[in-house]
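Going down the list, the protein sequences come from chains A and Z.
All residue numbers for the first sequence refer to the UniProt record's numbering, where the first residue is 1 and numbers rise by one.
All residue numbers for the second sequence refer to the UniProt record's numbering, where the first residue is 1 and numbers rise by one.
Among the clues, some could well be false.
[What the hints assert, rightly or not] Here are the simulated DSS-like cross-link-like pairs (lysine-lysine), alpha carbons at most 27 Å apart as the crow flies: (1) A/Lys461 / Z/Lys4; (2) A/Lys461 / Z/Lys77; (3) Z/Lys282 / A/Lys456; (4) Z/Lys127 / A/Lys456.
[To be verified] The calculated label-pair distances, taken between Cβ atoms and stated as ranges, are: (5) A/Thr363 / Z/Gly211: 46 to 52 Å; (6) A/Asn329 / Z/Pro145: 49 to 55 Å; (7) Z/Lys252 / A/Thr361: 21 to 27 Å; (8) Z/Gly254 / A/Gly222: 44 to 50 Å; (9) Z/Gly186 / A/Thr363: 34 to 40 Å; (10) A/Ala260 / Z/Glu251: 57 to 63 Å; (11) A/Ser443 / Z/Gly254: 44 to 50 Å; (12) Z/Asp10 / A/Ser465: 18 to 24 Å; (13) Z/Asn195 / A/Leu373: 25 to 31 Å; (14) Z/Lys252 / A/Met227: 56 to 62 Å; (15) Z/Asn195 / A/Gln312: 40 to 46 Å.
For the record, the hints were derived by calculation from the structure and aren't laboratory data.
From the three backbone atoms N, C-alpha and C, an ideal C-beta is built for every residue, glycine too.
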Amino acid sequence: MMSKIFTASLLGMEADLVTVETDIQPGLPAMNLVGLADTTIKEAKERIRAAILNSDYPFPKHRITVNLSPAGRPKEGSHFDLPIAVGILLLGSERTARQEKTAFIGELALDGKVKHIRGALPLAMGLRERGIRRLVLPYENLEEVALLRDLELYPVRSLRESIEWCLGRREQSAYKRKKKVKRKIMDQTIDFCDVVSQENAKRAITVAAAGNHGILLMGSPGSGKTMLAKRIPAIMPEMSYTEQLEATRIYSAAGLLSQACPYIGERPFRMPHHTISRAALIGGGNRPRPGEISLAHNGILFLDEFGEFDPQVTELLRQPLEDGQVTINRAWGSVTFPCRMMLVAAANPCKCGYLGDDRHTCTCSENQLSRYLSRFSGPVLERIDLHIKVPAVPAQKLEKKTTALSTAEMKAQVRQAAMLQKERYKGTDICFNGQLTQRQIQSYCPVTASANRFLKEAYEKLALSMRTYYKIIKVARTIADLHGTDTIDAYHIAEALQYRALDRFYRRPGNGN
Amino acid sequence: MEIKEVRLDDSDYPRLLKEIKDPPNPLYYAGDLKLASERCAAVVGSRTATEYGCWAARRLGARLAESGVVVVSGMAKGIDACAHEGALESGRSEEVSHSEVGSGRTIAVLGCGIDVCYPASNRRLWKEIARKGLLLSEYPEGTEPARYRFPRRNRIISGLAEAVVVVQAKERSGALITAELAADQGRNVYAIPGNINSAYNLGSNKLLRDGAMPLVVMEDILDDMGLASSHLQKIRKDLGKDEMTLISLLEKNGEMTADQLCAATGQPPFQISGIVTILEMKGVIYTSLGKIFIAK
C-alpha cells in the first residue's frame, strides 16, 4: 500500500517539487525516513506520531517507509510534517480528486495543530511554477501566500481539518483575498519638515530617491544624518505588486514574517549595526539565508557610521551593488538572492567627528585622519553616486521657523521622476537611473551640446575620474527628470557636480599636495 | 638636487641675515640663493590649523608673491605649507606668469638637512621649492629632524625677512618663538586676528595683545613695505548677476555653507549648487570641508 503527496523543499529562495511517497508493509512497527532529510525532518517522526494519535487517528502498527523524492537532493525544514502525516493517514484510502495537483506544507504541534512555517511564499511560488494548483497551508501563513493570485489556497488549523478536507468530508472553498487590502499607513510622525535648514541635503536626498542612487551623508555628530536617512523610505514611490512579492519572498525565506507582519507592503529599511559579520550582511550559513542586503531588496540599506564598518565587510558589497543580486556558493551548489536596494551611508568626517566643524575642535592626529580616510577610498564608495556634506546647524537656526521642504512635497517630485523613468526603461531590466550601466548611459542620457562642453571642461578642470564622470551623467539624468526635461542641460550637470562632497571634502590646502 | 654652501664672508650671503646676532655659518642651500637677498616676508603659523588659517596663509602667500615679495616659511604642515603653496601657485596662474612679478618665489628654511624631507607628506612641496625657490638650512646634509633644532631654525626665518606674519597659532606654537625672535631682531611682526572662541587662534591673538600689528587686510603688509597693490581680479568683470551676488556674500561672510547661501539669496538649492560649480570651475571660489570660500 502506498500514497503520494506533493510538497516542496526550499533552497535559498528557490523551491523544488518534492513527492512524499509513503509505503506500508507488514513487519515490526517502525517508521523510516529516507531521501536526504536533515535533522529537522528526522525529528518530524516523533512530532507526527504524537500529532496523529492526539488527533484521534490510529497510528499504523506496521513497517512504514517514507521517501522524499527526488531522493538525491538534500532537504530541510519543518514544513514536511504535514505532508508526511497526511501521507501516512491517507494510506489505503481512495485517492480523491482533491489530491490532484495539490500540495501540502505545514509544521505540526504535538496536539495536531498546524503551525506557521518559514518560507511559505517561496515554497508556494515554486510549486505554482511546477503545475500545482491547490495548496493546503497553515492558517498563519495565509496572508503571506495570498499575495499569489492564481493559486487556490486551503488554510487549515489542524491535521484533522486537512484529512477531512482531503477525503471530501469537509467543505471548504478556496480562500479569496479581499480585493482591498488594508494598507498599513507609514509612520507619519516623522516628516522631512522636522529637519531644519538642511535644504541642500534634502535636495540631494530627493535626487537620490528619485533615481535610486546610492548616497553618502557626511557630517559631524548631531548634524542630522540619521534623522535624514530614516525619512527616506517615506518619499520613495509605493511598492508595485511585483516588488512586494519579491520582498515578501525574501523575508519569508529568512523566516522574518509573522502574524503581525504577514507580508512586506512598504519599502524595507534595514539598518545593520557596524559590527555586523560578513554572513549577516550578504547572506550565508550552511543552508544560506538572505543577509541584510537582500532584506533591503527594493528598499533601503542604511549603513550608519560607515567609517566604523570593517572594510573587509563593506568590500563585499562591491559585486552585489553592481549586479543587484548576490550568489552564495557552497560545496553542494549555490544560492542566489536578489539585492537591488538603495544604499544610504552616513559617516563622520573623521574619527572624532569634528573635522570642519565650527564649534568643536577636531582632536584627530594626522595619522588618525589618514587612517580614517583610507576607509573612504574604497571601491564601495566609488559605487555610491551622491556624496554630500551635512553641516551642523547652529542653535539659533533650530528655533527659527523657516519653510522646510516636507515629505509630501519631496514625494511628489520623486513620483514624477519615477514615472518618467518607468516610461523610459519599459522593456529593459532596469527601472531607475541609478541602475544604468555605462553602455546604457550613452543611449538613455542625451546631453545638449552646451552641457557636453561643460562636462568636458569639468572633467579637465576638476580632474574627475572616468567613473565619476559617468556618475555625474547618471545623477544629471535624474536631475533632468526631476525638472521634467528630456535632455540633460548644463545646469543639471552643474548641480550634479556639487554632489561629490567626498572628492572635495578632504582636499585641504596645507596637506602639502 | 645640488646642495651648496655659503659662508658668512661670501658676498652672496643673505643680506639681512648677516645683521642678526648669531648668523648661521655656513649656510647650506639648494635652489636660487639670490632670492634670500631680495625683499622677503615670513609667513608662519601652527601645524594644526583651521580652514580659515589655511585660507589666510594661502592668500597671503599668493598676494606677497604677486607683489614681488619672497615668502619665507618653515615648510611644516598646516600654515607653513599653505604659505609656500600660495606663493608657488601665484606663479602658476596664467595672468601672472607673463608679468614681471611673482614666479612662485618662496624660501623654506629647514630644521634638518636639505636632503631630508620633513614632514615626508610635504615631499611634493619640497621638490617644487627646490626647483623654483630656495631651500635653506644651517645643518649639513643628512641631519635628521630633531625637536630642539626647530626653534633655532626660526631665527633664520625671521632673520631673512623684513616682516613676519603669524597667521594662526595655538597657545604654545613655535610660530610665537619666531615672532619673539623677529621682534628682537627688529622686524615688523604682524598677526592675523582670529575668532576668540577657538583654541587655534589663542596664540596669534595674544600676540596682538602684546603689541603685534594686526593684519586686517592683506594690503596692510604690502603698504608698510611700500608696495602698492595693483592686482585686480580680471575674471570678476565677466561674472553674471547671480554669480556676483554669491561672491559679494562670500566676501562679506568669509566662509559659508551652501545652505547659508540658499537662505541668504532665497534661491532653491539646485540653483545655488549650479552657480557654485560654475564659479568653482572659473577658479573664483573653492569648497572644502563642506564650506565655500573665495579663492585667492
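Evaluation of the provided hints:
no.	hint	verdict
1	A/Lys461 / Z/Lys4	39 Å, violated
2	A/Lys461 / Z/Lys77	26 Å, holds
3	Z/Lys282 / A/Lys456	14 Å, holds
4	Z/Lys127 / A/Lys456	31 Å, violated
5	A/Thr363 / Z/Gly211: 46 to 52 Å	32 Å, violated
6	A/Asn329 / Z/Pro145: 49 to 55 Å	53 Å, holds
7	Z/Lys252 / A/Thr361: 21 to 27 Å	26 Å, holds
8	Z/Gly254 / A/Gly222: 44 to 50 Å	24 Å, violated
9	Z/Gly186 / A/Thr363: 34 to 40 Å	39 Å, holds
10	A/Ala260 / Z/Glu251: 57 to 63 Å	59 Å, holds
11	A/Ser443 / Z/Gly254: 44 to 50 Å	46 Å, holds
12	Z/Asp10 / A/Ser465: 18 to 24 Å	50 Å, violated
13	Z/Asn195 / A/Leu373: 25 to 31 Å	26 Å, holds
14	Z/Lys252 / A/Met227: 56 to 62 Å	31 Å, violated
15	Z/Asn195 / A/Gln312: 40 to 46 Å	42 Å, holds
Violated hints, listed in ascending order, are 1, 4, 5, 8, 12, 14; each of the other numbered hints is respected by the structure.
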